[in-house]
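S.K.: If you want the building blocks of each chain, they are given just below.
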Amino acid sequence: MGAISLIALIIAAVLFSAGGILLGKILVKKSYNPQKGQAYECGIPTQTSPWQQFHVGYYLFALLFLIFDVELVFMYPWAVVVKKTGMVALFEILVFIFILFMGFLYAHKKGALKWS
Amino acid sequence: MYSQTEIIKDTSDTEGELVINVGPQHPATHGVLHLVITLDGETIKKIEPHLGYIHRSIEKMCESLSYRQFIYVTSRMDYLSSHINNLGCAHNVEKSMQIEVPQRAKVIRVLMSELTRIASHELWLGAMAMDLGAFTPFFYAFREREMITEIMEDTCGARLTMNYIVPGGLMYDLHPDFQQKVKAFVKQFKHKVTEYEDLVTNNVIFQNRMKGVGVLSKEDAISYGCTGPVGRGSGVHCDIRKIFPYEVYDTVEFDEVLETAGDSFARYMVRVREMNQSIRIIEQLIDNIPEGDFQAKTKAVLKPPKGEFYTRVETARGEFGVYIVSEGGTTPYRIKFRSPGFSNLSALEHMAKGSKIGDLMATMGTLDLVIPDIDR
Amino acid sequence: MANEEIKEYISSIQPTATFDETGEWLNILTEPSSWKSFAKELRHSKFDFDYLFCLTCIDWKTHLTMVYHLSSTTYRNTIVVKANLDRASPEIETVSDIWRTAEFHEREVFELFGVVFINHPDLRKLILTDDFEGYPLRKDFEDPINMIKL
Amino acid sequence: MFSLESITNSIQNWLYNTFQPWFALTLECVIVIALVTGLFAVLGLVLVLMERKVAAHIQIRLGPNRVGPGGMFQTVADTLKLLMKEGLTPDLADKFLFNLAPFIVMIVAMLLLAPIAFAKGFQVWDINIGVLYVSAISSLSVIGILMAGWASNNKYSLLGAMRSGAQIVSYELSAGLSVLTIVILTGSLQLSDIIASQENGWWLFKGHIPVIISFVIFLIAVTAETNRAPFDLAEAESELTAGFHTEYSGMQFALFFFGRIYQHIYCVCHRRHFIFRRMDAIAYWALGRI
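Protein chains in written order, with our numbering: chain A, 721 to 836; chain B, 328 to 703; chain C, 280 to 429; chain D, 14 to 303.
Calculated from the structure, these hints are not laboratory results.
Hints are not guaranteed to be accurate.
Take a look, some chain C residues computed to stay more than 10 angstroms from chain B by CB distance [as the list claims (entries may be wrong)]:
hint	residue
1	326
2	364
3	372
4	402
Listed below are several chain B residues computed to face chain A (Cβ distance under 7 angstroms; list not exhaustive) [what the hints assert, rightly or not]:
hint	residue
5	346
6	348
7	350
8	351
9	352
10	353
For every residue, glycine included, the Cβ atom is placed at its ideal position computed from N, Cα and C.
Looking at chain A on its own, in the form it has when it is part of the complex (with noise of 0.2 angstroms):
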């Protein structure tokens, strides 16, 4: 089968969550008091919200990480062909590599792997 099967598996998927839950709605009495609503927090009511903005050092890493990702997507394709291409394919991948690696230091010098 060709990417047709994708849609088959999400529907698939959805199917089996929904199904799920829908026999759970179907077979579940519900009740509703306000203390049931309310977010576990070990049993106090939460204090401040959780909804806040995050330390901007995650979005450091996450975008060091793209990079590096990105990086990686790059080298499946030579993957591939190397064997064939020989010495000349693992000189390529070793400069690209290289250069990779400088940025990495530079970031690292500047700190972008420090939580602070």
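Let chain A serve as the given structure and place chains B, C and D on it in line with the hints.
M.R.: Here is chains B, C and D on its own, set in the frame of chain A:
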């Protein structure tokens, strides 16, 4: 009951700070300790313990109980070393009344204390390992603990709150199987303690999570009044059994376990090695229980003279002090229990500040807090 | 005897203090007003009282008595310092900056006896609910519902 | 290699000869849906039981032994129990995202199934960039987790979700790079090719040292990506109570649970693709979780 939305509006000015409640219903607090933690990301900025969920005011209760009765209330304080609590209180009465305890009772008291200490440390080992995410050590530790609780049940009819001690000796004599059962336990335990070491001590994940976490320096440990394994993990020489020997501790050979690092791993090591020392004491005494009375002859109603009396014993958690002010009546005028957990808890904020929330669990686990002991 | 030495030393820095040696340890009665400076002296003296192992209060119906059990981890001398407080408005300086364990013990005494510790960093209720009235460990405290009386 | 090619081919031929092409395709889809759902239901139930039994043996206890022979239906009973539980949504939660998250997790788990070669010719989609597809889809599950954690309006959930995100960031690269070794050796991104190349022996045992290193790295990184102990920081029972799914109950919780397990199965299947060749991967999976 106020709604959540209100609270969130109230504290909208504390941007970037996450206030999170750990407890009273939390898997890691082992009881109803309530910590309000202020976080920046995952870094702890402030810890505020809220106590009193199971405060029973035992001190007030004891003021209306007689000198024979109040001892049994103390079993409910540090329920994991209830026998040693009883011992501390009985000591106080014996000291004030100048009762001479028979040698047999003394040896049995020490034996039971050491068994209690091992049982308490076993439970701590299992619970602490669970705090750090490992489930298996819990079952291993409880397998041996079960043997001890069975011995306790044979001896005094209870598994947790023993109430085996009366002023002047013991409630009853030993069970005939006692020696044999304790020997069987010692034999198995010696074999199994290496198993814990393999499972926990030598585990790289454990070591990484505990080394350098929750460091308490020697000066701070003294200043915060930390005793027991917490103090000894920081290098404070604070074992009451060595400093102020009571019962027969001055006649048996054992080492005071001291570590100097002051981190969670040091406290962990102190407890594990202490179990071995307890076994050493038990081995020395189990074949040498002298014959004789198990109880001194005392009056039916105890009336200590007017004055103030302070005694201390080493429980599994540290120095347990009993301070009684007597007016010469049948009930104490004022009782103060100096519980080790209360002082150890006060050091928690100092130890955990600036560390990650995951490290807090390691720190709290190695403090070995028992909540009724803190709340009283 | 070390007790004599300690007595001598204390008399030199705190002339108003009175001694009582009937108990196990040396008892020293001091004025609440001079307690803080006295405590500082004790902590940094040559006897090095670095370990406050018990801090409590006793209600004598006419007055309150603060009791501090001090010890030294190097010399093992133990002394008991007491200070009598006025029952109507008990106030004493905190020692939580000298012995940090006092912070929690003082909070406990504050809510159970109502003693106010001046300059305490965080004097709030620790055990009881915020709206609790009365001081449970005082002798005149009555709670008809929860109290056990024999 | 175990082959089911003749069976699948004959079914397909029969379908296309008997019906219109569009109808045959639809029927094919229906068959796939039925098979996949059936597989999920059975695997989830069996594997959970297996894990619990093995864990129980390690922890010197018996494990489930009451429901059915040898506790075989324990998971069925657990699922029924969860079915009977009310699925709660907290009042202040983002209701849409909160309810969407389990679906995302499940969809990701299902999609990952597409390129797995159960046997020769028994594969949903023999995609020629299989390895790339797998690494792309498997990183998506973190979106479901982040969504769940954020939408719950609960701090434990939020911290758990953020940790999960951080974990993906930390281990995704190593997992991707370690797979590269096998791609180089095989010279293809197609999973069926990778398996075919190991017809006469696993790469792991052919004496390539880089393969052994990458195997170890892959093992660790994938365990971390699926948030299993000792990398279960996102759930961290003792710190964050249940991490990102603290607020979930009933069937929604069950879906998270199953989603996680399927992802796991699939990581193992991929370990099998990359390193192993046979179905003992499943037994290996059970061992890998303890």
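S.K.: Next, verify each hint and record whether it holds.
M.R.: Against the structure, the hints come out as follows:
Residue 326 (chain C), annotated as away from the interface, keeps every beta carbon of chain B farther than 10 angstroms; the closest lies near 14 angstroms. Remark: the non-interface label on residue 364 (chain C) is consistent with the geometry, its nearest Cβ contact in chain B lying 15 angstroms away (cut-off 10 angstroms). Interface exclusion of residue 372 (chain C) from chain B stands, the closest Cβ pair being 17 angstroms apart, more than 10 angstroms. Residue placement check: residue 402 (chain C) keeps its beta carbon more than 10 angstroms from all beta carbons of chain B (closest about 13 angstroms).
For residue 346 (chain B), the interface hint holds, since its Cβ comes within 7 angstroms of a Cβ in chain A; the closest pair sits about 5 angstroms apart. The restraint placing residue 348 (chain B) at the interface with chain A holds, with a minimum CB-CB distance near 4 angstroms, inside the 7 angstroms limit. For residue 350 (chain B), the interface hint holds, since its Cβ comes within 7 angstroms of a Cβ in chain A; the closest pair sits about 5 angstroms apart. Interface restraint check: residue 351 (chain B) against chain A, minimum CB-CB distance 6 angstroms, threshold 7 angstroms, status holds.
A least Cβ separation of about 4 angstroms between residue 352 (chain B) and chain A falls short of the 7 angstroms threshold, and the interface hint therefore holds. Here the hint on residue 353 (chain B) is kept, as its CB sits about 5 angstroms from the closest CB of chain A, short of 7 angstroms.
In this structure, none of the earlier numbered hints is contradicted; all agree with it.
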